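K.L.:
Listed below are the residues making up each chain.
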Amino acid sequence: MADTRRPLSPHLQIYRWQVQMVTSILHRATGIALAAGTLVLVWGLLALAGGADSFAAFKACAGSPLGLLLLFGWTWAFFYHLCNGIRHLVQDTGAGYTIAQFVRSSWLSVIGSIVLTVIVWAYVLTAGGAA
Amino acid sequence: MSANAKDLSKDLRNPIKRARGLGSAQSGVGHWWTQRVTAVALVALGLWLVVTALGLLHADYATAKATVARPWNALLLIAFVVAAFWHAVLGLQVVIEDYVHTRWKEVVLLVLIKFLAVLGALASVLAVLRIALGA
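Chains as they are written, first to last, in the working numbering: chain A, 1 to 131; chain B, 132 to 266.
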């Protein structure tokens, strides 16, 4: 068990909501989701290597309503983790650490990920519907 | 702490004897650095994968297979899968270390994600090679 004799920071609900806290939490959450999503890529590759029948089964699953919903979610998770990951790489150089810059780059990650997700799915829908 | 200090005052061993083996594990910033290098690789490889996948939107089996079989695509696909699983293990490791406070559960999970990642990466590489080499 954790050693709880040390002072503990207050729980999440104590803090006033702020965008930097959301981007931090989302980075972890989307990272976990993407780790699971990578297994779907493995499934797709195995299906493709397995032959026409197994690939058709994979496509049917991916194109089902639940499959499309998950793919949409993973698209956003991917773009969010990508945008915010680049933000963290920039911050690793020591740049962008004033509070104003931090808030602005947080919003940039969130909005950028939404815009990219919309672009991708607009392309999917205009290219003749999903799957 | 005070009990510990008292012990120290009675201890006739040289302080270096106590310090030995309790220092750095010699891995330093390896975890942090590898996470960043795979992140940079995944920025490029991830964008490439999204574009490639969108190109296969309505592809039939033969087209999809031929696309994956092209040398550059096969190479980049393998690179993506290896970098993605590596990056995923490093990230999940930190999450588990942060939130799982029961030691045996923590260790089991840490080993489990590594096994899953290695299996997933090997399976993907094998699948891509089967497609690319036409076995």
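Hints listed in this document are in silico derivations from the structure and should not be mistaken for laboratory results. As the structure is a prediction and not an experimental result, all values here were calculated from the model. Any given hint could turn out to be false.
Residues from chain A shown here face chain B by an in silico Cβ test under 7 Å; the list is partial [as the list claims (entries may be wrong)]:
id, residue
1, Ala29
2, Gly31
3, Ala33
4, Ala49
If you want a taste of the chain A side facing chain B, the calculated C-beta under 8 Å gives, among others [as the list claims (entries may be wrong)]:
id, residue
5, Ala35
6, Ala52
7, Leu82
8, Val90
9, Gly94
10, Leu125
We treat Cβ as the ideally placed atom computed from N, Cα and C, and that holds for glycine.
K.L.:
With reference to the structure, classify each hint as holding or not holding.
P.N.:
Right, here's what the structure says about each hint:
1. With its C-beta approaching chain B no nearer than about 10 Å, alanine 29 of chain A sits outside the 7 Å limit, and its interface hint is violated.
2. A least Cβ separation of about 5 Å between glycine 31 of chain A and chain B falls short of the 7 Å threshold, and the interface hint therefore holds.
3. Because the smallest distance between the Cβ of alanine 33 of chain A and any Cβ of chain B comes to about 11 Å, over 7 Å, the interface hint for this residue is violated.
4. Hint status for alanine 49 of chain A relative to chain B: holds, with the closest Cβ pair at about 4 Å, below 7 Å.
5. Hint on alanine 35 of chain A holds. Least Cβ distance to chain B is approximately 4 Å, under the 8 Å limit.
6. Proximity of alanine 52 of chain A to chain B holds as hinted, the smallest CB-CB distance being about 4 Å (cut-off 8 Å).
7. Taking 8 Å as the C-beta contact cut-off toward chain B, the hint placing leucine 82 of chain A at the interface holds, the least distance being around 6 Å.
8. Hint status for valine 90 of chain A: violated, given a least beta-carbon distance of 12 Å to chain B, over 8 Å.
9. For glycine 94 of chain A, the interface hint is violated, since its Cβ never comes within 8 Å of a Cβ in chain B; the closest pair sits about 14 Å apart.
10. The criterion of a C-beta within 8 Å of any C-beta in chain B is not met by leucine 125 of chain A, whose closest approach is roughly 10 Å, and the hint is violated.
When the structure is compared with the earlier hints, violations turn up for hints 1, 3, 8, 9, 10 and for no others.
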